[in-house]
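Trainee: Under the working numbering, think of the first position of the sequence shown as 1, with each following residue one higher.
Calculated directly from the structure, the hints in this document are not laboratory data. A hint or two may mislead.
Said to hold, decoys possible - Between beta-carbon pairs, the in silico distance windows are: (1) P118 x L23: 30 to 38 Å; (2) D146 x E83: 18 to 26 Å; (3) D146 x R86: 27 to 35 Å; (4) A139 x W59: 25 to 33 Å; (5) R65 x R110: 24 to 32 Å; (6) L76 x L133: 23 to 31 Å.
All C-beta atoms, glycine included, are put in the ideal place defined by N, C-alpha and C.
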Amino acid sequence: MDQRDSRSPSPHEPRPDEYWYSLAEERIREAMQQGAFDNLPGFGKPIPGIDEPWDENWWVREKLRRERVQALPPLLAARLEIEQTRRAILQIESEAIVRHKLQQLNERIRAAHFSPVPSPPVTVRPVDIEAELARWRAARAERRTDDASG
1 MDQRDSRSPS PHEPRPDEYW YSLAEERIRE AMQQGAFDNL PGFGKPIPGI DEPWDENWWV
61 REKLRRERVQ ALPPLLAARL EIEQTRRAIL QIESEAIVRH KLQQLNERIR AAHFSPVPSP
121 PVTVRPVDIE AELARWRAAR AERRTDDASG
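Build out the structure end to end from the sequences listed, making use of the hints.
Mentor: Given below as structure tokens:
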């Protein structure tokens, strides 16, 4: 048996946990005196989500939200991406670029179908590029008419 293990702690020696506690308290006190805790973001403001029901994964959701990480199953993410792409291509002037964006979208949709990550049973088909281009042309023509009239 180790000699350190056999001896009992002296009443004058602080226990290891007391030592660390007092050291931590001392460091906090010093930092407060130096102003390290002054003007922290959120000071004097209510704690976000304090009144919401407790959720053990709250920090995961918050981290994903802050970092704008998408945590959707692949097919749901593909469905969302279709809508986002439809809105985004309205800002593009070149039909060739729009066609390329739609082709890339279809590749990602096909990849989502073969993803090993489970998804709920939703139907997400590749977009009809010609139909999307027709919609894009119509929106573009309407925008030109609005610009000319107004």
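Trainee: All the hints need checking, so say for each whether the structure fits it.
Mentor: Against the structure, the hints:
Between P118 and L23 the CB atoms are about 48 Å apart, so this pair departs from the stated range of 30 to 38 Å. Restraint check, D146 to E83: a C-beta distance of roughly 23 Å satisfies the suggested window 18 to 26 Å. One distance hint, 27 to 35 Å for the beta-carbon pair D146 and R86, is violated here, with the actual separation near 19 Å. Look at A139 against W59: about 42 Å separates their beta carbons, and that is not inside 25 to 33 Å.
Between R65 and R110 the C-beta distance comes to about 29 Å, which sits within the given range of 24 to 32 Å. Distance hint check for L76 and L133: the Cβ-Cβ separation is about 25 Å, which falls inside the suggested range of 23 to 31 Å.
Comparing the model with each numbered hint stated earlier shows that hints 1, 3 and 4 do not hold.
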